[in-house]
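Undergrad: Kindly produce the complete structure, drawing on both the sequences and the hints.
Listed here are the chains, written in short residue letters.
2 protein chains.
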Amino acid sequence: MRLSTLDNGTRDGELVVVHRDGTRAASARAIAPTLQAALDRWSATEPLLRALANDIDAGRVDAAPLDLARVLAPIPRPYEWVDGSAYINHIVLVRKARGAEPPETLLTDPLVYQGGTSEMRGPRAPIPLPDPSWGCDFEAEVGVILDDVPRGTNVANALAHVKLFVILNDVTYRNLIPPELAKGFGFFTSKPATSFAPFAVTPDELGDALKDGRVHLRLRSTLNGELAGDPEAGPEMHFSFADLIQHITKTRAFTAGTVLGSGTVSNKDRARGVSCLAERRTLETLDSGKPTTPFMKPGDRIAIEMLDASGRSIFGRIDQEVVAVPA
Amino acid sequence: MRLSTLDNGTRDGELVVVHRDGTRAASARAIAPTLQAALDRWSATEPLLRALANDIDAGRVDAAPLDLARVLAPIPRPYEWVDGSAYINHIVLVRKARGAEPPETLLTDPLVYQGGTSEMRGPRAPIPLPDPSWGCDFEAEVGVILDDVPRGTNVANALAHVKLFVILNDVTYRNLIPPELAKGFGFFTSKPATSFAPFAVTPDELGDALKDGRVHLRLRSTLNGELAGDPEAGPEMHFSFADLIQHITKTRAFTAGTVLGSGTVSNKDRARGVSCLAERRTLETLDSGKPTTPFMKPGDRIAIEMLDASGRSIFGRIDQEVVAVPA
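So the sequences go chain by chain: A and B.
Be aware that the first sequence starts at 1210, since it is given in the numbering used here, and climbs by one per residue.
Be aware that the second sequence starts at 1210, since it is given in the numbering used here, and climbs by one per residue.
Please note that a few of the clues may not be correct.
Copies of one chain are not kept apart here, so a pair can be met inside one copy or by any two copies together.
Unchecked claim - Below, computed lysine-lysine pairings styled on DSBU-like, alpha-carbon distance capped at 35 Å: (1) K1459 x K1506; (2) K1499 x K1459; (3) K1372 x K1499; (4) K1420 x K1506; (5) K1499 x K1420; (6) K1459 x K1372.
Read the hints as simulated data drawn from the structure, not as lab findings.
TA: In structure tokens, the structure reads:
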């Protein structure tokens, strides 16, 4: 089942169930007005949403063409957005880029940060850039949306709390990071609004590609029409979503609708390219002494999607343009 | 006007307006079911809530006794919780405690961290302590609740977005901080659920004590019946709430209901005591080579309140017991 959220003039949008062809959808308002409301009582709403999906696919319920310009983030303002950094290759490369060492506990203690949630953006929303010197970068990631997760959830019980998968663009102002992290309190202004692909999908949509709490498919990023990278999201995700859930619940519980990200998908094999420009710039620096790829500037377009073995775009496509805005 | 949120069996509780005597309240459900719903359209709901407050105070609307055991956090799951660290004395002391230097930009660039929001707790909620070795500490703070704040809000326009004031206990597992901050991504497991005093109050409730985006009153913390500290919250708040709002909106907007904290209230004058045990332990170490005050353990009680010039407890009283829970 694939779900989407449409702009209906409210803060939280309207939940729709997507036809299996990915081009049409029908309102789920009779079941739950929003995806958050559905997740607040998922055991009751999920079977109803699946029944609606069956009716849509069978033509028993009319589905209207899905206008991607009206699609919002699956949850436009989730209660929590927690982003991991589970691909070790990414951590090593971006820390090299800013002359920082990876943490000593790199392989044993997951890295996560608490992100802002006020304005999650849809797949066609522009990326505002008030100041090009901030170093605007994309970060292509896989994410999950959780139900209520108790404190002290362990790896063995963690994946039962994963209700939906998403892909996302964790936009980063790369040049704001060094002074911010030097203060010791983590990211804040360096992480503006995050954007999401059109569909949040139930785990069954991933089929055999979902194994061990990881999505074993390639995440494809295209910058201005040229492939930036299509790394495998599975094998090099050092900490699985189960590991990340165990980590984040060590001292507190999470409410339904929490979004948990994988961190930038990254492979050691250079042939797989990159899911952010910071990695490419680091590789350029290692090879030739300085970066040659600029960060994104107004007019640049970043597209992110994930195809399954049959070539279907599971989550639909993020396709965003960077736009200049007043500082 | 003072508002409170009562447990009614739902996730978000029920908004009530408090009688001016602070012991009774009446439901605001005819105006807005929850405080978040009220803040989502504050310009429409605030006058109605004020009219209800007048009716309650005049006896035209019945108010029932307020059961503090049923009081939740004003917003039990806000969309964002951003905590500043605006009292320089606190930063200097707690960093000394863990052998870290204050950031170079201490006086020019505000420190804030993004906090978790899933389980904000009420004034009588226990503080769960799965492991006493984590070093359970309280942190007494002043906070504000904002309406929608655009990206790029400057100091001159910031205070118009402050709709309510609160006081809070930003519970911290002090011994989880050093390994967490060493990873470079900020606090996460070291910051469990935050607790709030019973009343969120409109700015007019602070009268002349509200000046320059700071609350010029003492915040009083009592541990096991003994005064821990009653520092002035005003003069040594180096960055005002206006400064903090300008800082956090540099690259993104905030949705109505965002909670913004001052950081632990702290005065240089040792006679004012402390608003957290980490400061006292640092002072003990400076004086005698080692800390003698233990962190909180099961059975300890921490109370926090703020009295106005007439002795009225503006926000009501946080009064929490630390309780052992399974890890």
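Undergrad: Look at each hint and say if it fits the structure.
TA: Hints, one by one, checked against the model:
1. K1459 x K1506: Classified as between; 18 Å across copies, 40 Å inside a copy.
2. K1499 x K1459: Result: close only across copies, 29 Å inter versus 41 Å intra.
3. K1372 x K1499: For K1372 and K1499, the Cα distance exceeds 35 Å both inside one copy (43 Å) and across copies (49 Å).
4. K1420 x K1506: Classified as neither; 37 Å inside a copy, 42 Å across copies.
5. K1499 x K1420: Neither: 39 Å inside a chain and 50 Å across chains, both beyond 35 Å.
6. K1459 x K1372: For K1459 and K1372, both the intra-copy (20 Å) and inter-copy (34 Å) Cα distances are at most 35 Å.
In the structure shown, a violation is registered for the earlier hints numbered 3, 4, 5, in ascending order.
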